[in-house]
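Q: Chains as they are written, first to last, in the working numbering: chain A, 1 to 238; chain B, 1 to 238; chain C, 1 to 238; chain D, 1 to 238; chain E, 1 to 238; chain F, 1 to 238.
Just so you know, not all the hints are guaranteed correct.
[Stated by the list, open to error] Far from chain D by the CB rule (all over 10 angstroms, computed), these chain E residues:
#	residue
1	Val12
2	Glu76
3	Glu124
4	Pro178
5	Leu208
[To be verified] Below, a list of computed lysine-lysine pairs in the PhoX-like style, where the Cα atoms sit at most 25 angstroms apart:
#	chain 1	residue 1	chain 2	residue 2
6	B	Lys144	A	Lys144
7	A	Lys144	E	Lys144
8	D	Lys79	F	Lys144
9	C	Lys221	B	Lys144
10	C	Lys144	F	Lys221
11	D	Lys221	A	Lys144
Think of the hints as simulated: they come from the structure by calculation, not from any bench.
Positions of the beta carbon are idealized from the N, C-alpha and C atoms, including for glycine.
6 protein chains.
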Amino acid sequence: MIGQSGIAVRNVLRADSASVAELAKFGVATIHEAMGRTGLLAPYMRPIYPRAKACGTAVTIFAHPGDNWMLHVAAEMLKPGDIAVLGTSSENADGMFGDLLATSFRARGAVGLVIDAACRDTAELTEMGFPVWSRAINGKGTVKATVGSVNTPIICAGALIHPGDVVVADDDGVVVVPKARAAEVAAAAARREAKEADVRKRLAAGELGLDVYGMRDTLAKAGLRYVADEAALAEERR
Amino acid sequence: MIGQSGIAVRNVLRADSASVAELAKFGVATIHEAMGRTGLLAPYMRPIYPRAKACGTAVTIFAHPGDNWMLHVAAEMLKPGDIAVLGTSSENADGMFGDLLATSFRARGAVGLVIDAACRDTAELTEMGFPVWSRAINGKGTVKATVGSVNTPIICAGALIHPGDVVVADDDGVVVVPKARAAEVAAAAARREAKEADVRKRLAAGELGLDVYGMRDTLAKAGLRYVADEAALAEERR
Amino acid sequence: MIGQSGIAVRNVLRADSASVAELAKFGVATIHEAMGRTGLLAPYMRPIYPRAKACGTAVTIFAHPGDNWMLHVAAEMLKPGDIAVLGTSSENADGMFGDLLATSFRARGAVGLVIDAACRDTAELTEMGFPVWSRAINGKGTVKATVGSVNTPIICAGALIHPGDVVVADDDGVVVVPKARAAEVAAAAARREAKEADVRKRLAAGELGLDVYGMRDTLAKAGLRYVADEAALAEERR
Amino acid sequence: MIGQSGIAVRNVLRADSASVAELAKFGVATIHEAMGRTGLLAPYMRPIYPRAKACGTAVTIFAHPGDNWMLHVAAEMLKPGDIAVLGTSSENADGMFGDLLATSFRARGAVGLVIDAACRDTAELTEMGFPVWSRAINGKGTVKATVGSVNTPIICAGALIHPGDVVVADDDGVVVVPKARAAEVAAAAARREAKEADVRKRLAAGELGLDVYGMRDTLAKAGLRYVADEAALAEERR
Amino acid sequence: MIGQSGIAVRNVLRADSASVAELAKFGVATIHEAMGRTGLLAPYMRPIYPRAKACGTAVTIFAHPGDNWMLHVAAEMLKPGDIAVLGTSSENADGMFGDLLATSFRARGAVGLVIDAACRDTAELTEMGFPVWSRAINGKGTVKATVGSVNTPIICAGALIHPGDVVVADDDGVVVVPKARAAEVAAAAARREAKEADVRKRLAAGELGLDVYGMRDTLAKAGLRYVADEAALAEERR
Amino acid sequence: MIGQSGIAVRNVLRADSASVAELAKFGVATIHEAMGRTGLLAPYMRPIYPRAKACGTAVTIFAHPGDNWMLHVAAEMLKPGDIAVLGTSSENADGMFGDLLATSFRARGAVGLVIDAACRDTAELTEMGFPVWSRAINGKGTVKATVGSVNTPIICAGALIHPGDVVVADDDGVVVVPKARAAEVAAAAARREAKEADVRKRLAAGELGLDVYGMRDTLAKAGLRYVADEAALAEERR
């Protein structure tokens, strides 16, 4: 029932707060890797200011192009620790969200917004420190004429998001962790970071990834051949 | 006569300076709303540095792809408080404007540039604090071979701009106010801001937009239905 | 043999270090002009943080979409002062490079990366001050399954780059200087900057480019006609 | 588990063939409307030749950029009446599918392909009459190095597709009907077409949609005002 | 007042029918050249079938994203020989127009549609021979919720269009001729075509454009230098 | 010296005509594969009409945005069997080529044009059967003001092309074969086609690619696991 309009679900099961707190410690790239390289939204989703970071449970919004009515409906559903996530029925880059809605969302406890449309009042939002990831920045206003949905599954920037899923966003983009997998993914992310810390030390000391990861044999089997220099290469091409 | 080449108009009627000063107090989104949601340039126009802000009377420039000759012609027409605005005869992203032209424009009193092409020397322009809104940043140089026009009506990023119109630009984009409407729009923007201040307070206190704006009835009439939770939703779908 | 896979060339002739040091003094736009307006990469290549600047000799990398294996092979080839430059066999925006590879590249002495794909861990890279120019920022991870090449000629963002060429990158984009022309281009850039310094002074004093560059006659010959004002223009159109 | 790699599901529940046959009678736009305006893939998906039309049950494929291995795995899962549908782990426009795979797919009974990547050998495919909807046409070949999945839920061109769902495609694009809703949607489409036939007759006879659909009152309430002519409009603007 | 909503103008002055008939004889490229290379809409506007051709007087429509209500209002304003032209308040690619509206438009005498949004039912429209130029083809349906305008000046695909202007469209795109200039432009187009006929004969006979247009001197003055062959070129580069 | 302006080379070494005739027998995808999957131009290059096909030796053209002067210079260099190939100094989509130039090119014996800009008069070109591959179709005219080059190496749509190289183009795109490799690539293409003929027969008879190519073991080693059905999959996920 992706894309169904006319429904607002009041109560949704959210990922457990301990897992959310754990996931908040990791970056988007790490979590995506820890999930087997899944869960990312399309890379056109960018933060409105550098170093923005958010991790919360999704209140999902389905809206129509040029219409931001459902963001007001969603405000009522937001609980502390939530992040609002909006997908649209067709591609749109109007400025659906600005500082008034951000004031309301913050008052409700929301930690940010991920919107597959545009954001405006970005100077004010930056000053407020209210992080938004969007496909565009656009002063264009919207109407309030057609209902969508709140807290039904949505597609946002090419990713499937259920209400209550964990959404983590930073400079690298946005990733969604299904609520049922939150604990497992947080643990995998922690293991990955521990392992990387060791690798980082070795690489910083000048060791090569080729040796750290043991790639030389597989590269040779895959057909990589070393040539001494450009002259040798030219020679063999004659 | 949009797009006519070969003409430079020396004197144009500019919006009155009091209205320009008034409009300078407001953001792009507010002014766009105060004009009945009109006047915005396309959202691909972005400032070259964060927090850039400009408000001035337009000296319009019509140029050809890869040719920045008319920017030099325009320099002579610039008066203190003007903002240069450039449209092209076809889509182009060459670096038509850099720090030398910015030095000249500033010496003439210009407050900024809006260019539907690219800008270069952006590090120097940022240091100078000379704001530019452009479709791209590009080191690519241009020729000076074909004449366009200065101070004739142009289309820039999808908006119609007459010489002397007020152009306001900030982080949210660029908006044009026809000179004859400058006073009226400034007044409407002031009213809008006053009203928003009150709404902002109520939202910050936790009131919902649904109640502040009285949306609950219209939402219901438009077909929005509340469901208790996901179980109830699943139940009714059987 | 552009795009050939399976070869890694160990030793390449690099541009002489004196010329590289000279070129490092100039911006991308200046160098591009000094080369007769050639050498630029496409403007979609953007630095991951403002004010990034790098100048080095190219270690070239040819990679396949979604596969960053060759970046590890390239690490071994990097010498102090090198800049890694990566082109792909088809358009791709996956996050091929992150903080671990940056740690390794820096340990080898590399001064930066130009990658016609995406970069991730951008917050960490910014903190490290390791500059990257890329077509996108994307948390998306990659596989290590298919070999490409290192230190063979590549096309990166529409420009032809040979190993050992000088690559200069800043806020305005990226430019490549063929190694054989490095000294000549550095000298031309110096001459250009010297000339511009004088022009800048005159423009800052209020002189017009029309007079500084002597454009009035050529503009008239090219058909530019001055009109007193909008009324005069309307009159002649009757 | 969207985007999970390494799994091929042999048997999936398909929509009932009677509903598929019913849905095949209608165009993409009609079915999308009959589903409450949901189910469409992004409009960048285009047929490789005009008047292409297909309706089948989905065998879903999840593939990595530049890698078409899973299309071979999918061939074994195809049954008569199926349509193959491929989504990727990141944006890619390589030519993953050509006339050899089409020969194999047709031999298995497949009625077409919907691929969020590119297609090649389009002249041969057109001659075969094997319809493909893709994001691009591209001669670029692919590797067979990394496994994805077959017959797990995928996102293709922004739409969620489960194995066994009905996928209908024509000149207007591609729509997916969840298998559980196939009969209901077919019935709704039939009702819609019946109603439209009557409207079409009235419109062809010169009646206005304003009257056929009874829009005049709602337009007036929504604020539409009629003005006699341009002079009257200019007059009231004074 | 570009972009004003809420107004429908019943009667507009149209270009004289003799000039429209004259302009119908020429292609888009010829008319654009005859106007001093102005008047073209952006090249993303494409016909929905090859060899589509239309020339008519514009009934202009201003619509909001995802909302096709104003097309119904426009139907009433259409007179025989008109072409409907639609611009939007922000970028949108929903399928605002299909075969029912085309049936109505044709019954009113309209000769085609130019729409800066998408079209659907393209197979039916092709069969009807009702030509449409659009930015996309998309099955996506729209709502009827927000009023725009009919017969006020609009921006469509970057061009300014007044009601009653002549709009000519073919395989090469779309061009607008201001109504006051219709006769003059038709005459200039005729002169251009006459001249081209002669040039075409000479070129077909093997004469070079260099000689027909007398370009050799200007090329030399502009700096073009002929070199005998690649060896000579390599020689002088030493 | 990519991108150097001001030079026209009269005589260039062309690939031998026997190899060109051989290569003309194969499609773009086959030749690209036969070259080790290299040589393709970017997929945005599309033929102006379906089933266009051309194979010739390149006369290369380097032009500036909005300026088609060099196409006239190139006409003189064209010999029977040549194909003109144009790259630009920066991205441009103006209509640089139309039916007059096509008349001239055909009179000189050219077999087609590949242009990284736009084409116009496409209806006339289609009627003439003069094939063009371009990035866009656009009525927009150009100036003749700035010199580029003819018969120097160029980058066109991301590929490096030397004068005299073989360029093959069809519905799938455009591929360049370096003149020194023409014979070798033609032979490899022939071998590939012979091999594919056999595979095609087996696939048409219902054999699976998995068996024809012997993929089952490598798929298993790469981690692909078969699951009986969706129930079994759900079971193991508990």
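Q: Could you run down the list of hints and mark each one as holding or not?
A: Cross-check of the supplied hints:
In this structure E/Val12 is not separated from chain D by more than 10 angstroms, as the shortest Cβ-Cβ distance comes to only about 6 angstroms. With a least beta-carbon separation of about 5 angstroms from chain D, E/Glu76 fails to lie farther than 10 angstroms from that chain, contradicting its non-interface assignment. Not every C-beta of chain D lies more than 10 angstroms from that of E/Glu124, the closest at about 8 angstroms, which undercuts listing it as non-interface. The beta carbon of E/Pro178 sits about 14 angstroms from the closest Cβ of chain D, which is more than 10 angstroms, so the claim that it is off the interface holds.
No beta-carbon of chain D is positioned within 10 angstroms of the beta-carbon of E/Leu208; the least distance is around 34 angstroms. With a C-alpha separation of about 49 angstroms, the suggested pair B/Lys144 and A/Lys144 falls outside the 25 angstroms cut-off, and the hint is violated. Under the criterion of a C-alpha separation no larger than 25 angstroms, the hint pairing A/Lys144 with E/Lys144 is consistent with the structure, at around 13 angstroms. Note on D/Lys79 and F/Lys144: the hinted pairing is violated, with a Cα-Cα distance of about 59 angstroms set against a maximum of 25 angstroms.
With a C-alpha separation of about 13 angstroms, the suggested pair C/Lys221 and B/Lys144 falls inside the 25 angstroms cut-off, and the hint holds. Distance restraint check for C/Lys144 and F/Lys221: the Cα-Cα separation of roughly 15 angstroms lies within the 25 angstroms cut-off, and the hinted pair is therefore satisfied. Using a Cα cut-off of 25 angstroms, the hinted pair D/Lys221 and A/Lys144 holds, with the two alpha carbons roughly 15 angstroms apart.
Going through the hint list in order, the structure does not satisfy hints 1, 2, 3, 6, 8.
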